[in-house]
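Engineer: Chains as they are written, first to last, in this note's numbering: chain A, 1 to 355; chain B, 1 to 812.
Read the hints as simulated data drawn from the structure, not as lab findings. Backbone N, C-alpha and C define an ideal beta-carbon position, used for all residues, glycine too. Errors might be hidden in some of the hints.
[What the hints assert, rightly or not] Reference listing, derived: stretches of chain A covered by chain B, where coverage requires no fewer than 3 residues with Cβ under 8 angstroms from a Cβ of chain B:
hint, segment
1, 38 to 45
2, 122 to 132
3, 225 to 238
4, 252 to 266
5, 297 to 307
6, 344 to 350
[What the hints assert, rightly or not] Calculated from the model, a selection of chain B residues having no Cβ within reach of chain A, i.e. all distances over 12 angstroms:
hint, residue
7, Ser412
8, Ile552
9, Gly594
[What the hints assert, rightly or not] Derived DMTMM-like pairs: lysine to aspartate or glutamate, alpha-carbon spacing no greater than 25 angstroms straight-line:
hint, chain 1, residue 1, chain 2, residue 2
10, A, Lys307, A, Glu234
11, B, Lys506, A, Glu86
12, B, Lys415, A, Asp217
13, B, Lys207, B, Asp274
14, B, Lys655, B, Asp687
15, A, Lys153, B, Glu500
16, A, Lys123, B, Glu37
17, B, Lys555, A, Asp217
18, A, Lys235, B, Glu431
19, B, Lys746, B, Glu689
20, A, Lys313, B, Asp469
21, B, Lys20, B, Glu37
22, B, Lys747, B, Asp791
23, B, Lys439, B, Glu465
24, A, Lys123, B, Glu587
25, A, Lys61, A, Glu86
26, B, Lys539, B, Glu637
27, A, Lys307, A, Asp154
28, A, Lys307, B, Asp469
29, B, Lys2, A, Asp217
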Amino acid sequence: MANYLKRLKILQIIEAMSQQIPFQIRDEALQAFESATNTQELYNFKVKYLGKTGALTEVMKVMASLPKEEKPAFGQIVNQVKTLLEEKYLQTEMALKNKEIDLQMQSERFDLSFPIASREQGKEHPIHRVTNEIFSIMARLGYSLRTGSLIEKDYYNFEALNIPPNHPARDMQDTFFVDETHVLRTHTSPIQIHSLENEKPPLRIIGTGPVFRCDSDVSHLPNFHQIEGMCVDEKVSMSDLKGTISFFVREFFGPGLQTRFRPSFFPFTEPSAEVDCSCPICKGKGCSMCKQTGWIEIGGCGLINPKVFEHAKVEYPKWQGFAFGFGVERMAIIKYGVDDIRLFPANDIRFLKQF
Amino acid sequence: MKISLKWLNDFVDITEFLNKPQELADILTKAGLEVEEIQNRASDYANVVVGHIISKEKHPNADKLSLCQVDVGSGQVMQIVCGAQNHKAGDKVIAALAGAVLPGNFAIKKSKIRDVESNGMLCSYKELALADTSDGIAILNPQAKAGMSFAEFAGYNDVTFELKVTPNRADCLSHFGLARELGCLLNKAVKTPEVLTKFSSASTKQKIKLEVLNQELCPRYCGRYISNVKIGPSPEWLVKKLEAVGQNSINNVVDVTNYVMLEMGQPLHAFDADLITGAAITVRNASKLEKFKTLKEQELILSGDELVISDASKPVALAGVIGGINSGVSEKTKNIFLESASFKAMSVRKSSRVHGVETDSAYRFSRGVDASQTSAIMDRASLLIQQVAGGEAFDEAYDLNSGLKTSRQTKSAIKISIQMISERLGYSADEKLFLSYMKGLQVKVEELGRGEYLMTPPLFRFDLEQDMDLVEEYARLHGYEHIKENIPALKAEPTAHNSEYMMNQKVSQYMRAEGYNQAFNYAFTSCEPEKNWISDLEKLRNQGLFTDEHAIKIKNPLSEDLNVMRRILSFGLYRNAIDNIRSGNNEGRLFEIGSVFSKNESDYKEQSRLSLINWGDSVGIYANNTPPVFNIKSAIEKLLLSLQISAYSFVSVAKPPAFLHLGQWAQVIVEGQAVGFLGTVHPSYLDHEKIRVPLAIAELDLQKILKGQPRPAKFKSLSKFQPSLRDFAFVMDAQKSTGDLLKEAKKACGANLKELTVFDIYEGDKLPDGQKSVAIRANFQAQDTTLSEADLQQLSQKLIEAAQKSVNAVLR
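Using the sequences and the hints given, assemble the complete structure.
Structural biologist: As structure tokens, this is what we get:
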């Protein structure tokens with residue numbers, strides 16, 4: 001009887017426990033999770049309550065000694081508690097982790113307020129930049145780029161361009177001589193002659209590169225750059241020339257600018273014209289760049305002189321053409337407002353980095 | 001050329017423009033005769049007036065100053081303090097009043113001088129830029145009227161144009177010529193100047209013998225003898241006209257020759273007839289080494305190509321250029337021989353250029369002088385000489401013009417049609433307008449029907465030779481503003497761009513991506529400094545950079561600083577870097593793509609080069625302080641890789657160029673060929689320039705590198721298998737090169753070694769002297785399988801053996 005009583009008591013206790021213990025564990029664990037200040041602490045609690053030797057696992061072991069009919073209910077309770085705790089754990093872990101990452105980022109804070117640019121991108125020299133801009137505008141009209149020798153035969157620099165020896169037109173271009181028959185090319189126009197000799201019309205050519213004049217002062221460099229274009233086709237007129245240059249001016253300097261032709265003289269073109277465009281700085285109102293005239297001279301042009309075709313052995317008037325040329329430094333001065341031409345060959349990086 | 005509007009007005013009526021010169025300037029500019037500057041002396045001397053000194057007292061506070069009360073017209077009396085001593089009460093003087101701006105941009109204001117009010121300044125001629133020296137203030141003629149503007153008093157009420165005459169318009173190099181052009185532009189009549197028609201009975205031909213030996217260079221020669229001239233100062237009208245266009249008065253006869261040249265465009269010369277030895281003139285070629293002294297006292301030694309005017313014993317003039325000092329007109333001259341001739345343009349230009357004698361005469365002859373007017377203009381000058389110097393103009397003047405047959409005395413006719421003009425201009429030309437322009441230009445018109453014409457231009461228009469010249473005349477006179485704008489249609493396929501240029505653009509782009517700024521240096525340089533920089537030619541050539549032994553000289557350099565074509569590109573960048581450092585740019589990178597020059601027998605060669613320079617340390621907090629020489633090396637490696645070149649190496653055997661650091665340089669080898677160098681600049685070079693920052697430089701032969709470019713990029717499939725990294729540390733002789741080790745290791749391991757990276761090099765206490773430790777990370781990966789541990793073992797072993805074999809390196 002005593003044994004029976006004893007057994008009954010234990011059963012009662014177990015029964016009581018079986019209903020109470022999972023809930024106690026639940027409450028204790030929830031409290032513990034709540035109290036965790038970091039993920040490690042939280043993890044330790046997870047091991048304590050949900051781990052292989054944790055409280056809940058121990059409770060499951062008790063289930064074996066329960067009466068058969070009570071087992072399902074008990075198991076359900078324990079599983080419910082377990083699911084609840086696992087969910088709660090993940091939630092808490094997420095919150096703690098976010099907090100920890102925030103703290104970590106706080107401690108890793110960089111001051112990004114100051115400039116770094118430890119290695120800036122290098123810049124294109126303004127001369128090349130302008131050349132390439134002009135080149136890409138003209139390429140859209142079907143012009144192809146050509147270059148040529150800097151030491152050029154007198155014939156290509158002068159005679160073939162209708163400037164015979166001792167002709168006063170030679171005075172227009174102060175020339176550096178290398179020997180009796182060679183000069184440092186005074187313009188890029190010899191490129192035209194080589195092209196006329198070596199290629200078959202129709203032709204659209206852009207020639208560019210350094211040129212040389214025996215002239216050096218505040219507004220002239222002895223070694224500067226030109227870019228020029230030549231179009232040879234069956235019927236070519238001054239209107240074609242003006243349309244082409246006007247297109248170029250608007251593309252290069254900006255929309256709305258006007259182009260003006262003034263009569264001039266170049267031995268290799270006839271008729272010849274100087275090209276002015278309305279001043280891109282003041283839009284024609286008058287400023288120091290255009291000397292208050294509203295116009296700015298940008299280059300020369302004209303229809304190719306039949307004598308040039310004759311020298312290059314191109315049949316005229318079957319083939320006709322126009323040509324135009326610009327000083328690259330001058331274009332850069334106008335476009336960027338550079339106030340001293342001597343900055344171009346000085347290569348001061350404070351200057352170069354501006355473009 | 002300076003043009004006086006008053007003078008112009010003698011020939012064509014431009015009265016309506018005298019007060020609005022800008023309008024006339026615009027008309028000329030629009031017609032292709034550009035007016036570069038309008039000078040108005042009246043406005044230059046605004047507020048400068050004739051003053052009458054009423055009283056002169058001592059300045060109360062200064063011994064050397066005087067206090068003058070000056071009547072400046074309309075009863076206004078002004079107090080002016082003056083420092084000069086040469087004036088007295090009653091004198092007429094030049095007073096600059098408040099508002100005047102004297103030459104040198106000296107503005108006159110009311111002021112106080114030593115506490116006494118002064119309302120202006122009494123001027124000397126020097127202060128008005130009318131004389132080079134000064135002996136006190138200018139004292140004027142007592143008749144001068146107080147209050148009159150000084151410009152009016154001095155006859156400066158003229159406006160002058162600075163006219164830019166293009167070389168084709170020789171016909172406009174005179175007042176008459178320009179008047180003729182204006183006659184056409186303004187549709188006005190043009191007056192022809194008066195000439196001498198009555199001569200004494202004496203004969204020129206009996207006084208002077210004349211012979212033209214070279215008729216080709218002297219197609220026409222006219223000469224007249226004028227006796228008993230009285231040499232003296234020119235009359236005021238002549239002085240003022242010459243002065244207005246910037247010419248000094250010399251004496252009456254010389255002034256007339258200059259005057260007529262400026263008036264008619266025909267250069268003239270007056271010889272002192274009594275100084276012509278043998279009373280005989282010959283126009284001949286100079287003899288070789290013949291001496292001639294110009295009237296400007298320049299001694300010339302003639303080559304024999306020049307044409308000279310000679311007397312029986314010596315040259316008396318360099319034909320068309322300048323007279324001799326031995327035969328010029330002076331105060332002692334009594335009889336003159338007046339020359340008006342036509343000389344061949346190219347010959348005059350050559351004489352003038354070769355001897356560096358530039359004169360107004362040579363300028364005109366070399367552009368062309370109308371040979372049909374030679375005699376008439378001589379008679380124009382004869383008339384004026386008689387008017388200003390008296391004398392007797394002899395009859396039977398010379399006019400030897402047999403040479404004219406061989407030169408252009410008649411212009412050939414030009415065939416042209418209205419349709420052709422319209423086609424070339426791109427708009428419809430008007431026939432009536434065209435004919436009226438031709439009439440204005442004095443072109444002889446012959447109608448052929450159907451809009452076709454035969455045109456004969458006047459002799460003075462040398463530039464009108466072909467139909468296109470007449471097209472230009474039409475366009476110019478009608479106005480270029482009538483030309484429309486049209487984009488011509490493209491009728492043929494565009495051709496390829498120059499490939500070298502396009503490749504250079506790519507190289508430029510890669511260099512800029514590495515932080516290098518593009519530079520441009522002159523293609524010429526100074527011979528000696530470049531020679532010193534190159535120093536040892538062989539050492540440079542050994543780098544694969546062909547360098548000529550001697551630089552190509554420029555025959556007429558601007559200065560010794562720019563006297564030869566460059567043979568090396570890097571020297572320019574080195575100079576740029578030094579300038580940059582001196583300007584405070586302590587860190588920087590530059591590159592340049594450009595040509596160097598050499599001579600090959602009679603041919604000139606231009607080779608394209610790339611040069612880089614990097615100097616200084618970056619001080620930025622996160623700047624990567626790689627030594628400049630490695631920065632440059634890295635840029636070059638990236639360039640080569642970008643160009644799809646993988647077979648390259650950097651070797652430091654043999655000797656570096658003289659300007660490089662012995663221990664920090666390498667030769668760049670691309671596909672077995674030396675293509676240039678890179679290295680730190682030699683410390684003693686830097687020390688010499690007092691440069692204290694590290695500086696490295698490179699130069700590459702771009703032609704060699706870009707040969708066969710652009711190479712197409714070729715796709716290699718990506719390995720899907722696990723890469724494995726293995727680190728190795730080797731100990732090796734410090735002098736041996738790591739590059740050799742890597743090269744051998746790559747060869748030994750083959751395609752499964754994807755990458756080898758040096759991540760540490762150590763020399764120091766923990767190693768024996770002369771040894772270094774090199775740490776390398778190898779990335780092994782196969783294309784078709786995952787490498788097994790055994791494979792990796794085998795590859796590692798191969799790598800270790802290669803290290804041993806190549807540089808005797810031992811695994812640490």
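Engineer: Against the structure shown, which of the earlier numbered hints fail to hold, in ascending order?
Structural biologist: 1, 8, 9, 11, 12, 16 and 19
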